[in-house]
Amino acid sequence: MNHELIELRELMLTAPGSGATRIVALIVSLVLLAVVLGLVRRRKLREEFTPIWVAVAFGIAIVGVNSDVLRGLARAIGAWTVSSTVFFLGEVFLVAICLNYAVRLSQASVHIKNLAQEVALLRARVDDLEQTSEAPHGG
Amino acid sequence: MGDTLLLIPAFDEATSLPEVLRRAERAAPDVPVVVVDDGSRDDTARVARAHGARVLRHPYNLGYGAALQTGYKYALRRGFRFLVQMDADGQHDPAQVPRLLEPLRAGDCDLVIGSRFLERSGYRMSFPMRAGREFFRLLARLLGVDVTDPTSGFQAMNRDVLALYVGDFFPSDFPDVDVLLMARRGGARVREIPVRMSEGARRSRIHGGVRILYYPYKMLLSLWAASARPSASGGRAPEERYDEPRAD
Chain A
0 MNHELIELRE LMLTAPGSGA TRIVALIVSL VLLAVVLGLV RRRKLREEFT
50 PIWVAVAFGI AIVGVNSDVL RGLARAIGAW TVSSTVFFLG EVFLVAICLN
100 YAVRLSQASV HIKNLAQEVA LLRARVDDLE QTSEAPHGG
Chain B
0 MGDTLLLIPA FDEATSLPEV LRRAERAAPD VPVVVVDDGS RDDTARVARA
50 HGARVLRHPY NLGYGAALQT GYKYALRRGF RFLVQMDADG QHDPAQVPRL
100 LEPLRAGDCD LVIGSRFLER SGYRMSFPMR AGREFFRLLA RLLGVDVTDP
150 TSGFQAMNRD VLALYVGDFF PSDFPDVDVL LMARRGGARV REIPVRMSEG
200 ARRSRIHGGV RILYYPYKML LSLWAASARP SASGGRAPEE RYDEPRAD
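Those protein sequences? They're chains A and B, same order as listed. 115 is the number that numbering that gives the first Met the number 0 gives to position 116 of the first sequence; each next residue is one higher, with no gaps. 114 is the number that numbering that gives the first Met the number 0 gives to position 115 of the second sequence; each next residue is one higher, with no gaps.
Read the hints as simulated data drawn from the structure, not as lab findings. No residue lacks a Cβ here, since even glycine has one placed at the ideal position from N, Cα and C. Errors might be hidden in some of the hints.
[Unchecked claim] Below, a list of computed lysine to any residue pairs in the SDA-like style, where the Cα atoms sit at most 20 Å apart: (1) 112/A x 24/B; (2) 112/A x 108/B; (3) 112/A x 170/B; (4) 217/B x 104/A; (5) 112/A x 54/B; (6) 112/A x 116/B; (7) 217/B x 98/A; (8) 217/B x 70/A; (9) 217/B x 101/A; (10) 112/A x 189/B; (11) 112/A x 59/B; (12) 112/A x 25/B; (13) 217/B x 42/A; (14) 217/B x 105/A; (15) 112/A x 40/B.
[As the list claims (entries may be wrong)] Covered stretches of chain B (in silico footprint by chain A; criterion: 3 or more residues with CB under 8 Å from a CB of chain A, positions within the stretch not fixed): (16) 53-60; (17) 213-225.
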């Protein structure tokens with residue numbers, strides 16, 4: 000990379016973030032936190048599924064307030080701008096969380112199948128027991 | 000043959016079941032029959048009961064593989080030593096059930112597959128199906144399973160195989176050569192015998208929904224996963240450790 004490009008990249012990475020960006024990041028963080036808590040309160044989201052989203056909300060707030068964190072990350076991954084780093088990390092997060100839910104869904108489908116089979120087997124067993132108890136007693 | 004169970008998975012088969020059950024009764028009168036009704040929308044369960052079969056009803060449609068597995072769990076819990084499975088659409092001839100059981104009873108093998116292709120039976124397939132079958136047969140042979148008809152729904156097995164097949168690895172949709180590979184890796188001795196199958200019979204509706212593009216993808220993935228896993232016994236369901244008293 001020639002000297003001008005290195006300087007240009009450094010310029011882009013050290014450009015001061017605007018106050019508006021920080022406010023938007025804080026608002027997004029607070030809204031996400033409020034939505035998560037609201038979903039838990041209305042029993043639409045179970046508590047054990049919330050840590051990741053609370054962490055995301057705090058993460059957005061931290062990088063919004065302290066942009067040095069993002070700049071450090073951008074340098075570490077070789078990005079040119081802070082915004083492209085945000086998009087890249089967002090995509091990685093979304094792929095990871097989708098894969099995680101696919102795994103949970105696979106486990107849940109096996110459990111549901113086993114339960115439905117158990118229902119069929121137990122219903123047959125109940126039928127047996129009912130027939131036995133309804134049979135006329137000899138003597 | 001009180002130690003043997005005949006398993007027939009069925010989904011919306013009220014039309015074809017009576018004849019299948021009548022033929023099964025004629026061919027093997029002392030073999031109890033279990034029909035697993037996989038959430039049928041028609042009278043499958045009532046028709047099966049009316050013809051003397053024991054019926055296990057899924058609360059909703061789970062798939063052909065899950066229906067078979069429910070039957071395996073039933074057989075295992077009720078203490079049956081052998082199980083024969085056949086489709087409900089009439090393509091399998093119940094008169095051949097004793098032939099499937101012979102090698103099992105002799106102790107020569109653990110799993111018997113009734114093959115359409117071991118001898119020239121006149122069973123015809125379309126070119127894409129034939130090509131796909133040959134491809135996966137070659138692949139399976141490379142992985143150590145040499146069978147001519149891995150998709151055959153006409154099979155017989157002993158308790159050792161039943162104990163393997165109740166594991167969570169068993170697919171809910173369509174068990175195929177991947178399951179045979181897991182059986183082999185679990186120590187099962189597999190044998191094929193030639194059987195006649197009727198191609199005139201309506202394709203079983205329980206096989207419906209098998210998409211032509213999804214099938215090769217799923218097979219390749221399943222074969223790879225089956226060959227990469229340590230063994231089939233790892234996924235065995237803990238609830239299969241006890242036997243219920245026989246009621247048949």
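Test coverage of the stretch 53-60 of chain B by chain A using CB-CB distances below 8 Å; three residues minimum.
holds (count 7)
With a cut-off of 20 Å on the C-alpha distance, tell me whether residue 217/B and residue 105/A pass.
OK: residue 217/B and residue 105/A at ~15 Å, within 20 Å.
Can you confirm whether chain A covers the stretch 213-225 of chain B, using C-beta to C-beta distances below 8 Å and requiring at least three such residues?
Check failed, 0 qualifying residues.
Is the hinted pair residue 112/A and residue 116/B satisfied, with a Cα-Cα distance of at most 20 Å?
Status violated; Cα separation ~33 Å.
20 Å Cα cutoff - pair residue 112/A, residue 54/B:
OK: residue 112/A and residue 54/B at ~18 Å, within 20 Å.
Holds or violated: residue 112/A and residue 189/B, Cα atoms, limit 20 Å.
Roughly 27 Å separates the two Cα atoms, so the pair is violated.
Check the hint pairing residue 112/A with residue 40/B against an upper bound of 20 Å on the C-alpha distance.
Since the Cα atoms of residue 112/A and residue 40/B sit roughly 19 Å apart, the hinted pair holds (cutoff 20 Å).
Straight-line Cα separation of residue 217/B and residue 70/A no greater than 20 Å?
Violated, at about 43 Å.
Are the Cα atoms of residue 112/A and residue 24/B separated by 20 Å or less?
violated, 31 Å
Taken at face value, is the distance from the CA of residue 98/A to the CA of residue 217/B at most 20 Å?
Holds, at about 18 Å.
Would you mind confirming whether the straight-line C-alpha gap from residue 112/A to residue 108/B stays at or under 20 Å?
Violated. Residue 112/A to residue 108/B sits at ~30 Å, over the 20 Å cutoff.
With the threshold set at 20 Å, check whether the alpha-carbon distance from residue 217/B to residue 101/A stays at or below it.
holds, 16 Å
Of the numbered hints listed earlier, those contradicted by the structure are 1, 2, 6, 8, 10, 12, 13, 17.
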